[in-house]
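Engineer: Quick mapping for you: the protein sequence lines, in order, are chains A and B. Per the working numbering, the first sequence starts with residue 2, numbered consecutively. Per the working numbering, the second sequence starts with residue 487, numbered consecutively.
No lab work stands behind these hints, which were simulated from the structure alone. Yeah, the Cβ is synthetic: ideal placement off N, Cα and C, and Gly gets one too. There's no promise every hint is true.
[What the hints assert, rightly or not] Capping the alpha-carbon separation at 27 Å, the derived lysine-lysine pairs in DSSO-like fashion look like this: (1) B:LYS567 - A:LYS134; (2) B:LYS657 - B:LYS647; (3) B:LYS607 - B:LYS590; (4) B:LYS688 - B:LYS678; (5) B:LYS607 - B:LYS657; (6) A:LYS48 - B:LYS568; (7) B:LYS567 - A:LYS48; (8) B:LYS607 - B:LYS595.
[Stated by the list, open to error] Label pairs and their in silico Cβ distance ranges: (9) A:LYS48 - B:ALA610: 53 to 61 Å; (10) B:GLU582 - A:PRO4: 37 to 45 Å; (11) A:MET63 - B:ALA592: 25 to 33 Å; (12) B:LEU577 - A:LEU247: 28 to 36 Å; (13) A:GLU66 - B:SER614: 39 to 47 Å; (14) A:LYS48 - B:GLU582: 49 to 57 Å; (15) B:GLU582 - A:LEU247: 54 to 62 Å; (16) A:SER163 - B:LYS567: 29 to 37 Å; (17) A:LEU152 - B:ALA592: 40 to 48 Å.
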Amino acid sequence: MDPLHQFAINPIMQIVIAGYDVSFSNSALFMAIAVALVYALIHYGMKGRALVPGRLQSTAEMFYEFVANMVRDNAGQDARPYFPFVFTLFMFVLFGNLIGMIPYTFTFTSHIIVTFALALTVFVFVTILALIKHGLHFFTFFMPHGAPVALAPILIPIEVISYLMRPVSLSIRLFANMMAGHTMLKVFAGFTVMMISGMGALGLFVGLVPLLINIALTGFEFLVAFLQAYVFSILTCLYIRDALELH
Amino acid sequence: MPNLLAEARLARWAGAAGSALASLTLLAGAALAATAEHAPGAEHGAEHGGGGLPQLDPTTFPTQIFWLAVTFITLYYLLAKKALPRVAEVLEERQERISRDLNKAASVKEEAEAVLASVEKALADARSEAQSVIAATVAEIEAANHARQGQLAADIGERLKAAEARIAGAKDEALANIRGVAAEIARDVAGKLAGVDVDASKAEAAVAAVLEERRS
Numbered sequence: 002m003d004p005l006h007q008f009a010i011n012p013i014m015q016i017v018i019a020g021y022d023v024s025f026s027n028s029a030l031f032m033a034i035a036v037a038l039v040y041a042l043i044h045y046g047m048k049g050r051a052l053v054p055g056r057l058q059s060t061a062e063m064f065y066e067f068v069a070n071m072v073r074d075n076a077g078q079d080a081r082p083y084f085p086f087v088f089t090l091f092m093f094v095l096f097g098n099l100i101g102m103i104p105y106t107f108t109f110t111s112h113i114i115v116t117f118a119l120a121l122t123v124f125v126f127v128t129i130l131a132l133i134k135h136g137l138h139f140f141t142f143f144m145p146h147g148a149p150v151a152l153a154p155i156l157i158p159i160e161v162i163s164y165l166m167r168p169v170s171l172s173i174r175l176f177a178n179m180m181a182g183h184t185m186l187k188v189f190a191g192f193t194v195m196m197i198s199g200m201g202a203l204g205l206f207v208g209l210v211p212l213l214i215n216i217a218l219t220g221f222e223f224l225v226a227f228l229q230a231y232v233f234s235i236l237t238c239l240y241i242r243d244a245l246e247l248h
Numbered sequence: 487m488p489n490l491l492a493e494a495r496l497a498r499w500a501g502a503a504g505s506a507l508a509s510l511t512l513l514a515g516a517a518l519a520a521t522a523e524h525a526p527g528a529e530h531g532a533e534h535g536g537g538g539l540p541q542l543d544p545t546t547f548p549t550q551i552f553w554l555a556v557t558f559i560t561l562y563y564l565l566a567k568k569a570l571p572r573v574a575e576v577l578e579e580r581q582e583r584i585s586r587d588l589n590k591a592a593s594v595k596e597e598a599e600a601v602l603a604s605v606e607k608a609l610a611d612a613r614s615e616a617q618s619v620i621a622a623t624v625a626e627i628e629a630a631n632h633a634r635q636g637q638l639a640a641d642i643g644e645r646l647k648a649a650e651a652r653i654a655g656a657k658d659e660a661l662a663n664i665r666g667v668a669a670e671i672a673r674d675v676a677g678k679l680a681g682v683d684v685d686a687s688k689a690e691a692a693v694a695a696v697l698e699e700r701r702s
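With the hints as constraints, model all of the structure from the sequences given.
Structural biologist: Quick look at the structure:
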């Protein structure tokens, strides 16, 4: 009945490496399932190499072109080499979110440490990319073009802080959305159960209300699952563009 | 070319960097978890008590980061090295096929238009040739007619001339004969009427003189 119980990490197989507990848990299991599903979709979808694609191949191609367009439109033509990275990110997060919509599964994207690690990877990757492309020139990024030099003592700290906050906002957005959505579903489902057990026959009718809300919320959650994966990867694209162009 | 090479190098580097980054975050997270673990002993005991958000339990951080790194790097490797190049290939193939078919259609259309143009040209040529043949034939016939007419005219003129010559000859002959006959008649008349026997040559001379007189 605890709406937060669904987020508990339960070890399936105890593994300890160098003193750290890295047990294979339910979270790891669903990460592996997501990886397997994503790869299976692309691999089996493209197996036929059909000129006129079937359903599975169309799906695989649709994902490919969706992310390819996203990278091209938001990160620019020069970002082509980083397309696999963005694609991996998008598919991993999307499948993590969508698998979480199935009852009794675990949503690994609802854990701040997972989303933060992903966001930090993006952040470090983008920063190193910018440093390689532009060297020390990269630091001019923190002084907006055309701004009066007198404002530099105010602008530069603000820009630096906003830059450093990128991984935080990126990770919290995804984590909070997923956690809030799943908690809400569980809370409303709990209402129905409580009403039925507390009010008897009347509860069967009153309990319908939260159930109907839950149905609407489920549809909404599917939208959020897709949208958050999209937002996560599109922001990654924009960060890559910043790294490449230093606007 | 060097640009392409540099890009390929960057792409390879991006893959390597991804792996390196993930392990880096793993280490950082693990260190974070370790420090959090050492801090309050009370929290450690309460982890299975159900209190608090499971997301904020640092003891679960190492396993999540570890498996995130493992699965994410695996997925990146599988997609970047195997799955995505194949999708790109298929899409490119299709694009190529479509543009090839379009080109083919365009060239066939062009060919058809060329054939149509050549047919029309052949028709026009045939028509103009027929026209010229007709014109030539007409001209030939006219020329032949003209020539024949000219020849006919020349022929007629010649014959006319010959006839005139013949007539003149006959006239001269007749005139010559007339002189003789006139002289004879004059002698006969003189002999019969006057009983004078005129010499033939004298009579002829007299006739000739008269004729000369007349002619002038």
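Engineer: Tell me, which hint numbers fail for this structure?
Structural biologist: 5, 10, 13, 14, 15, 17
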